[in-house]
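These are the residues of each chain, in order.
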Amino acid sequence: MDTHLTEAAAGPTPQDYKSDVKPIWCPGCGDYSVLAGITRAMATMGLERHNTAVVSGIGCSSRIPAYTSCYGYHAVHGRALAVASGLKLARPDLAVLVFGGDGDGFSIGGNHFLHACRRNVDMTYIVMDNQVYGMTKGQASPTTESDWCESKLTPEGPGVNPIQPVQLALACGANFVARGFSGNPNEVARLIVEGVKHPGFSVIHVLSPCVTFRPEQRTWKSTVHPYGREPTDDPNEAMRAVLEDDGFGLGIFLAGNRRPFQPASAASRTIAQIEEGFAV
Amino acid sequence: MTVDSVTIAFVGSGGAGVMTAGQMLLDAAANVGWYGLMSRSSGPQIRGGEAAAFVRLSPRPVLAPGDRFDVIVAFDWQNVERFAAELPLSADSVIVTDPAQGEVPAVLAASGAKQIEMPIKELAAAIPGGRVNMVGLGAVAAVIGLPRAGIDAVIEKALGKKGEAALAASAAGIDAGAREAKGWNLGLELPTPQRGGAARWNISGNEAAGLGALKGGVKFCAAYPITPATEILEWLAPNLAKTGGALVQAEDELASITMCLGASFGGVPSITATAGPGLSLMTEAIGLGVASETPVVIVDVQRGGPSTGIPTKSEQSDLNIAVYGLHGDAPHLVVGPTSIDDCLFTTQWAVHLAEALQTPAIVLSDQAMGQSRAVVDKPAEAPFVARRLLADSLDGEAKYKRYADTPSGVSPAAIPGMPGGEHTADGLEHAENALPSSQSSDHQKQLDKRLRKLTSHDFGDAWADIEGEGEVAVVTWGSSTGPAREAVRRLAAEGRKARLVALRLITPAQPAKLAAALEGVEKVLVVEQTHGAQFHKFLRAHYDLPGTVSVFSRPGPLPIRAREVHDTLASLI
Numbered sequence: 058m059d060t061h062l063t064e065a066a067a068g069p070t071p072q073d074y075k076s077d078v079k080p081i082w083c084p085g086c087g088d089y090s091v092l093a094g095i096t097r098a099m100a101t102m103g104l105e106r107h108n109t110a111v112v113s114g115i116g117c118s119s120r121i122p123a124y125t126s127c128y129g130y131h132a133v134h135g136r137a138l139a140v141a142s143g144l145k146l147a148r149p150d151l152a153v154l155v156f157g158g159d160g161d162g163f164s165i166g167g168n169h170f171l172h173a174c175r176r177n178v179d180m181t182y183i184v185m186d187n188q189v190y191g192m193t194k195g196q197a198s199p200t201t202e203s204d205w206c207e208s209k210l211t212p213e214g215p216g217v218n219p220i221q222p223v224q225l226a227l228a229c230g231a232n233f234v235a236r237g238f239s240g241n242p243n244e245v246a247r248l249i250v251e252g253v254k255h256p257g258f259s260v261i262h263v264l265s266p267c268v269t270f271r272p273e274q275r276t277w278k279s280t281v282h283p284y285g286r287e288p289t290d291d292p293n294e295a296m297r298a299v300l301e302d303d304g305f306g307l308g309i310f311l312a313g314n315r316r317p318f319q320p321a322s323a324a325s326r327t328i329a330q331i332e333e334g335f336a337v
Numbered sequence: 045m046t047v048d049s050v051t052i053a054f055v056g057s058g059g060a061g062v063m064t065a066g067q068m069l070l071d072a073a074a075n076v077g078w079y080g081l082m083s084r085s086s087g088p089q090i091r092g093g094e095a096a097a098f099v100r101l102s103p104r105p106v107l108a109p110g111d112r113f114d115v116i117v118a119f120d121w122q123n124v125e126r127f128a129a130e131l132p133l134s135a136d137s138v139i140v141t142d143p144a145q146g147e148v149p150a151v152l153a154a155s156g157a158k159q160i161e162m163p164i165k166e167l168a169a170a171i172p173g174g175r176v177n178m179v180g181l182g183a184v185a186a187v188i189g190l191p192r193a194g195i196d197a198v199i200e201k202a203l204g205k206k207g208e209a210a211l212a213a214s215a216a217g218i219d220a221g222a223r224e225a226k227g228w229n230l231g232l233e234l235p236t237p238q239r240g241g242a243a244r245w246n247i248s249g250n251e252a253a254g255l256g257a258l259k260g261g262v263k264f265c266a267a268y269p270i271t272p273a274t275e276i277l278e279w280l281a282p283n284l285a286k287t288g289g290a291l292v293q294a295e296d297e298l299a300s301i302t303m304c305l306g307a308s309f310g311g312v313p314s315i316t317a318t319a320g321p322g323l324s325l326m327t328e329a330i331g332l333g334v335a336s337e338t339p340v341v342i343v344d345v346q347r348g349g350p351s352t353g354i355p356t357k358s359e360q361s362d363l364n365i366a367v368y369g370l371h372g373d374a375p376h377l378v379v380g381p382t383s384i385d386d387c388l389f390t391t392q393w394a395v396h397l398a399e400a401l402q403t404p405a406i407v408l409s410d411q412a413m414g415q416s417r418a419v420v421d422k423p424a425e426a427p428f429v430a431r432r433l434l435a436d437s438l439d440g441e442a443k444y445k446r447y448a449d450t451p452s453g454v455s456p457a458a459i460p461g462m463p464g465g466e467h468t469a470d471g472l473e474h475a476e477n478a479l480p481s482s483q484s485s486d487h488q489k490q491l492d493k494r495l496r497k498l499t500s501h502d503f504g505d506a507w508a509d510i511e512g513e514g515e516v517a518v519v520t521w522g523s524s525t526g527p528a529r530e531a532v533r534r535l536a537a538e539g540r541k542a543r544l545v546a547l548r549l550i551t552p553a554q555p556a557k558l559a560a561a562l563e564g565v566e567k568v569l570v571v572e573q574t575h576g577a578q579f580h581k582f583l584r585a586h587y588d589l590p591g592t593v594s595v596f597s598r599p600g601p602l603p604i605r606a607r608e609v610h611d612t613l614a615s616l617i
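Line order of the protein sequences matches chains A and B. Position 45, counted from 1, in the first sequence is what our numbering calls 102; the numbers after and before it change by one each time, with no gaps. Position 216, counted from 1, in the second sequence is what our numbering calls 260; the numbers after and before it change by one each time, with no gaps.
None of these hints come from the bench; they were simulated from the model. It is possible that some hints are incorrect.
Unchecked claim - Here are the simulated BS3-like pairs of lysine-lysine, each with C-alpha atoms no more than 27 Å apart in a straight line:
{"no.": "1", "chain 1": "A", "residue 1": "K75", "chain 2": "B", "residue 2": "K445"}
{"no.": "2", "chain 1": "A", "residue 1": "K79", "chain 2": "B", "residue 2": "K443"}
{"no.": "3", "chain 1": "B", "residue 1": "K206", "chain 2": "B", "residue 2": "K158"}
{"no.": "4", "chain 1": "B", "residue 1": "K493", "chain 2": "B", "residue 2": "K541"}
{"no.": "5", "chain 1": "B", "residue 1": "K443", "chain 2": "A", "residue 2": "K75"}
{"no.": "6", "chain 1": "B", "residue 1": "K205", "chain 2": "B", "residue 2": "K165"}
{"no.": "7", "chain 1": "B", "residue 1": "K489", "chain 2": "B", "residue 2": "K443"}
{"no.": "8", "chain 1": "A", "residue 1": "K79", "chain 2": "B", "residue 2": "K489"}
{"no.": "9", "chain 1": "B", "residue 1": "K541", "chain 2": "B", "residue 2": "K557"}
{"no.": "10", "chain 1": "B", "residue 1": "K445", "chain 2": "B", "residue 2": "K493"}
{"no.": "11", "chain 1": "A", "residue 1": "K278", "chain 2": "A", "residue 2": "K79"}
{"no.": "12", "chain 1": "A", "residue 1": "K278", "chain 2": "A", "residue 2": "K194"}
{"no.": "13", "chain 1": "A", "residue 1": "K79", "chain 2": "B", "residue 2": "K445"}
{"no.": "14", "chain 1": "B", "residue 1": "K286", "chain 2": "B", "residue 2": "K205"}
{"no.": "15", "chain 1": "B", "residue 1": "K286", "chain 2": "B", "residue 2": "K201"}
The whole structure should be built from the sequences, with the hints applied where relevant.
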């Protein structure tokens, strides 16, 4: 990863990492600010666009790859982390970033999230949480409150408890866990830079309001607050603290020391030598 | 008196070592210069339960299982009724049975086969560390005239590390069995083997598929275990690592296929292997591979279906899902190996085709090929390797178009690391520049080009195995090819003419080539191992078949036997 961090004096600007495609998002969507934070982080790190791959699944926030000027893969719903894992394992020379939403990451992609956390491939996952499926026009997601009654699909409310992504990430073994808020793109950019630089799998949970289907989330700007602790490298300590958090604390919860996963591989034999094993 | 081939079954419950006996018999036969085929039948149990090893040996290459068993050696009769249908016998057959295990079950005795009693357990018990399977192996070796040196080499290789005592116990067991069999005079000796000539291999279909992947240039595999495909993945794990590639175990098939797509997006030729249930889970992502033009190879080692079906036994019934299982208009490659050793060529070819045409390729193997071993002439080298058409001028003024509408339909690819080629590959329909588009003109253009790259490609001679002549033709595919080929050759030896056309390339269909192969044919026999005659219906949808057409279609797990195809063809001539 370090090979793509350059210290050029007249380095790239966030604009260099934006494509000329106009986002499909609604006016006021938090994802605009997250995108700004992403491109700012890329410029800060001086990532080489051709050596950076941006992977996503399906959903509003999963549209991000085409809005950047890097290589991108816009995959199917829920599989972004698996696509990205394969890419990074096969091409460890690339910087790999993954973007998606709460439905893509924790519902249809929940199993891959669990295993990406425990596999600890060296890549960074930015998950934009607005507690709703926006692209399909407003259904409850795994992070929606159980008594949210605004969806035609669950008019009495989903009736099941939401999951807390940061707790889940820690429980599953993610090596770097942080939370940001789209209303503060500079902080989002800082967290992304820290996450990309940190070896292993980094999860950055970004609260990103959906002003169309969850207009009450406009108040998040007064709900969020600094997490108030220094990052720890101890997952147990991080989990204890996160259990006391209200879900709106911003900052880095864990910067752990687990070694990233990379299968051993060394070209020590030719195919001709291998196939000799079949000779009678 | 000698015979042209001999077919043997070792049967018994778990712990008797039937698979070891079968494997050692095949290996020993290979050592002395015979060809052979070993297939296996087992229940779902991890350990224990009923099991049988089926071995056919011959001085000539073995194309298919035998018509019936010449010799069955039973270490016990537990649960044998569960696979009695897989043990065809005749009055000429011989059942070697241990009187201590009770009478020969009526379902087998009814064949009128000769019964020979041998106190297998007692003989083994008399040897310190003796095992029944070695006694059985010794008896069979004596019956078929297998030179002792061939067995000794196998024992040495298999048990050398376990020390002298183990070697001595095995040798004593084999001696005991051979002594018993000496007086049987069954007339089942194979001709003295001739060594020399071409080099030979002893290989399973699953190993061959793994080797084909390596030879095609695969450097990445994401794996999720499933019977009967796991051996491909287990073979690839160390051998990919030794050749500079990598295998990763995925959390499920949704992940294994999408990990492969990710690696392939990175320019690294990728493969996964699965069976029907896994292929079902992968279909959405295979469609992503079609739409995003990301090459990937999926080997489906078919088993009895639908649902969990019969995981340990063979069938050809994933043809429909492989061909038609993707939503939308999603042209892709489907190929099927025509023999155990052809699993090598066909998988290697699939890697080449997937990369050349930038689309997914499904390789339809099956349990009968994947988990069987054959002694074969060393497969010929094939020139097919992964070579993706890459963009070569990315520094010009014009913005790179990932999905450029070229005459061949294949668009030069840019992969991460190539400056100027940055784009987002997409499962959303897109314009030539890769940006999402829902416009009818873009949809039409991209559908056209994704189809055209398949239909305009020259697949050469590898599209089918063709042999024989005459006005009657058998048209088949996959593991049904073996018995069909043997049937055609037997007919030829009898002076009767028949043709074999075994499709290796299932999609895209090759109507002009099949029409040429069937020129002058008046009767067609379609042979396949499905309940729903899936291959026949596929042929009807994509080809004009000449003359009258009849169908020999039967579901697994009973293998299709050469005699059945021979007799059906003979009735048509």
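Determine which of the earlier numbered hints do not hold for this structure and return their numbers in increasing order. Hints 3, 4 are the ones this structure does not satisfy, whereas the remaining hints hold.
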